[in-house]
Amino acid sequence: MTGNRSNDLMRKGGIAVALLLVFYLCLFWVETGWDAYKVRILNLSAIYIGITLGLNLCNGFAGQFSLGIAGFMAVGAYTTALLTMAPQTKSAVFFIDPLIWPLNSIQWGFLPALLMAGLVSGLVGFAVGAPAIRFRDDYLGITTLGFAEIIRVVFTNTRSITNGALGLKGIPPQTNLYWSWTFALICILVMVRLTNSSYGRALKAVRDDEVAAEAMGVNLFYHKCLAFVVSAMMAGVGGGLLGNLITTIDPNMFRFPLTFTVLMMAVLGGLGSITGSVIAATLVTVAMEVLRALEEPRVILGMFLPGIPGMRMVVFSIALMAVILFYPKGFMGDRELSLDSFRNLAARFRRRFLYKQV
Amino acid sequence: MSNMNDFALVCENIGMQFGGLAAVSNFALSISERALYGLIGPNGAGKTTVFNVISGVLSPTAGSVKLFGKDITGLNPDEIARRGIARTFQNIRLFRNLTVLENVLVGHHLRREATFGEALLAFPRYRKEESDMLRTSEELLEDVGLGDVAHYRASALPYGQQRRLEIARALATRPRVLLLDEPAAGMNPAETEQLMQLILDVRDRFNLTILLIEHEMKVVMNICERMTVLDHGQIIAEGTPSAIQSNERVIKAYLGGGVIARH
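One line per chain: the protein sequences are R and C, in this order. Taking my numbering, the leading residue of the first sequence gets 1, the next gets one more, and so forth. Taking my numbering, the leading residue of the second sequence gets 1, the next gets one more, and so forth.
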């Protein structure tokens with residue numbers, strides 16, 4: 001028995017390693033061969049996959065309707081940027097109020113900076129979450145939205161740390177496909193492990209019925225905080241990767257529409273579905289770029305149409321309405337795509353079409 | 001009178017005041033270990049309020065609750081569950097989107113030793129705990145007759161089985177005292193019969209002390225050894241089923257005073 005199981009584990013591990021190798025080879029091929037625009041879109045997809053999964057953990061799996069994700073992304077982005085920028089760039093960027101010590105003289109590697117971003121946004125997540133999770137549903141949403149705005153306003157005004165409304169420029173462009181997709185993979189792995197563990201079941205129990213969960217011995221404070229903090233950490237690291245991808249950040253990037261975009265990805269994919277989040281985050285990121293064509297001025301049938309900024313959002317609104325009408329729980333609901341589900345589908349297909357005449 | 005510590009569950013002079021309304025006042029109860037105790041009374045008598053006080057959903061405005069001699073008054077519900085009181089709810093409160101098995105597994109969560117980090121990294125201690133949990137949960141579901149439907153969504157079960165599942169989930173916390181809030185509500189006579197058997201079975205198998213609220217007189221009179229009758233938040237009678245059945249005040253509370261029965 002044990003021998004079989006360990007053989008099975010070895011086999012599965014082998015397959016996983018092989019798949020990872022192929023995946024990173026693909027990334028290498030894309031990173032070196034494709035044009036910068038496509039690489040940028042793929043980077044963004046990976047970053048949004050991670051952040052969407054974080055939001056889905058809090059809003060979908062644990063049922064805590066939080067709208068603070070943009071705030072946590074801001075914390076992560078600023079932390080990473082301030083830690084990775086070169087001291088001379090910093091002194092050039094902070095020309096009104098100089099950056100405070102010790103931030104003005106240090107430069108960290110990208111990995112420790114990202115880990116720090118996760119840690120800091122996790123702490124902020126706890127500070128925001130611990131009082132806010134006393135609320136439920138819409139009230140929690142409004143409270144967290146308010147906290148995210150507070151973070152943004154604080155960042156606008158602490159000029160000697162964040163350079164205020166001018167934002168940060170010249171952030172080293174260290175994010176590449178390996179960083180972003182490793183982040184995405186880690187987020188996926190964390191989500192799969194977490195949601196299938198005893199802790200994940202407890203989170204889902206809290207979502208389905210708080211009173212009953214508490215009566216079954218689930219500590220509400222601990223578990224809600226857990227979801228909140230892990231979610232904030234994912235958003236923080238994602239924000240850090242985003243900042244070092246586009247190399248310039250300012251507080252206005254982290255307004256409510258950013259939260260809304262991530263929320264839209266999670267809802268389209270299905271709150272409570274990991275695969276749903278992955279698919280929707282990728283689709284929406286790609287669509288955001290593809291639909292830019294709608295906003296460009298063009299000539300159709302001899303008529304000149306000026307470009308209308310914001311047409312993309314109209315398309316997204318319509319798409320969102322369509323999804324809510326036809327798939328009220330998102331593409332995936334709370335189901336997952338796995339090898340088993342493909343097998344089931346194939347079996348159903350066979351039964352339906354191949355054995356019909358028998 | 002024996003020592004107070006000999007009782008499994010003791011309520012002393014519990015009062016629960018909502019603003020000007022006294023939902024329960026001067027409520028006292030002593031249940032000895034392994035007893036099957038009934039709490040009955042007309043609608044609105046305060047039975048569920050008593051349950052909510054014992055299980056920690058409400059903090060009583062007066063009095064105390066003791067579990068095997070230890071004061072548990074006003075603790076959080078999850079702490080009380082950890083100390084050994086489990087309950088079911090009057091209107092079923094299952095985790096609707098989880099499977100039957102997962103519902104029971106949640107009941108095991110409070111005894112976990114593995115930390116969140118260990119669970120995330122699948123450490124051996126966590127993996128062992130998880131497989132133990134899975135095994136005992138499956139056994140428990142077999143025991144209460146839900147083995148066949150273990151992988152159904154809880155919301156897909158018929159009503160009677162949902163009630164059973166609530167009991168199974170409560171048992172998964174390994175309680176010493178089980179509170180059942182109207183377990184037979186909405187059941188047909190056959191289901192009620194099975195339920196009574198189940199309650200007697202689990203009491204014996206798990207060495208439980210059971211306190212139950214019930215409207216179905218057949219259940220209460222058949223399986224409870226003693227009972228307390230509440231009306232308007234006050235205890236009006238206490239004793240064995242036969243004594244309660246012939247108690248004038250109880251009859252008056254249920255049928256109304258001053259009514260002349262017409263034949």
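Note that these hints are calculated values from the structure, not bench results. Cβ atoms here follow ideal geometry from the backbone N, Cα and C, with glycine treated the same way. There's no promise every hint is true.
[Unchecked claim] From the derived model, a few chain R residues whose C-beta atoms are all more than 12 Å from chain C: (1) Ile-100; (2) Phe-135; (3) Lys-169; (4) Arg-201; (5) Gly-333; (6) Phe-342.
[As the list claims (entries may be wrong)] With a straight-line cut-off of 25 Å between C-alpha atoms, the simulated SDA-like cross-links for lysine to any residue are: (7) Lys-70/C x Val-192/R; (8) Lys-128/C x Asp-8/R; (9) Lys-12/R x Val-211/R; (10) Lys-128/C x Val-211/R; (11) Lys-128/C x Ser-198/R; (12) Lys-12/R x Phe-123/C; (13) Lys-12/R x Lys-70/C; (14) Lys-128/C x Asn-196/R; (15) Lys-70/C x Val-211/R.
Hint check:
No beta-carbon of chain C comes within 12 Å of the beta-carbon of Ile-100/R; the shortest separation is about 34 Å. At the 12 Å boundary, the C-beta of Phe-135/R stays outside the reach of chain C, the nearest C-beta of that chain being 18 Å off. Every Cβ of chain C is farther than 12 Å from the Cβ of Lys-169/R; the closest lies at roughly 37 Å, confirming the non-interface assignment. Some Cβ of chain C comes within 12 Å of the Cβ of Arg-201/R; the nearest lies about 5 Å off, and the non-interface call is violated.
For Gly-333/R, the requirement that its beta carbon stay farther than 12 Å from each beta carbon of chain C is not met, with the minimum near 10 Å. For Phe-342/R, the shortest C-beta to C-beta distance to chain C comes to about 19 Å, beyond the 12 Å cut-off, and the non-interface label holds. Pair hint Lys-70/C plus Val-192/R does not hold up; C-alpha atoms about 41 Å apart against a cutoff of 25 Å. For the suggested pair Lys-128/C and Asp-8/R, the alpha carbons sit about 18 Å apart, so the restraint of at most 25 Å is met.
Straight-line distance between C-alpha atoms of Lys-12/R and Val-211/R comes to about 40 Å, which puts the hinted pair past the 25 Å bound. Taken as a hint, the Lys-128/C and Val-211/R pair is broken in the structure, with Cα atoms around 29 Å apart against an allowance of 25 Å. Between Lys-128/C and Ser-198/R the CA atoms are separated by roughly 12 Å; this keeps the pair inside 25 Å, and the hint holds. Note on Lys-12/R and Phe-123/C: the hinted pairing holds, with a Cα-Cα distance of about 18 Å set against a maximum of 25 Å.
A C-alpha spacing of about 51 Å is found between Lys-12/R and Lys-70/C, which places the hinted pair above 25 Å, so the restraint is violated. Only pairs whose Cα atoms come within 25 Å are accepted, and Lys-128/C paired with Asn-196/R is accepted, the gap being roughly 15 Å. Between Lys-70/C and Val-211/R the alpha-carbon distance is near 24 Å, which keeps this suggested pair within the 25 Å criterion.
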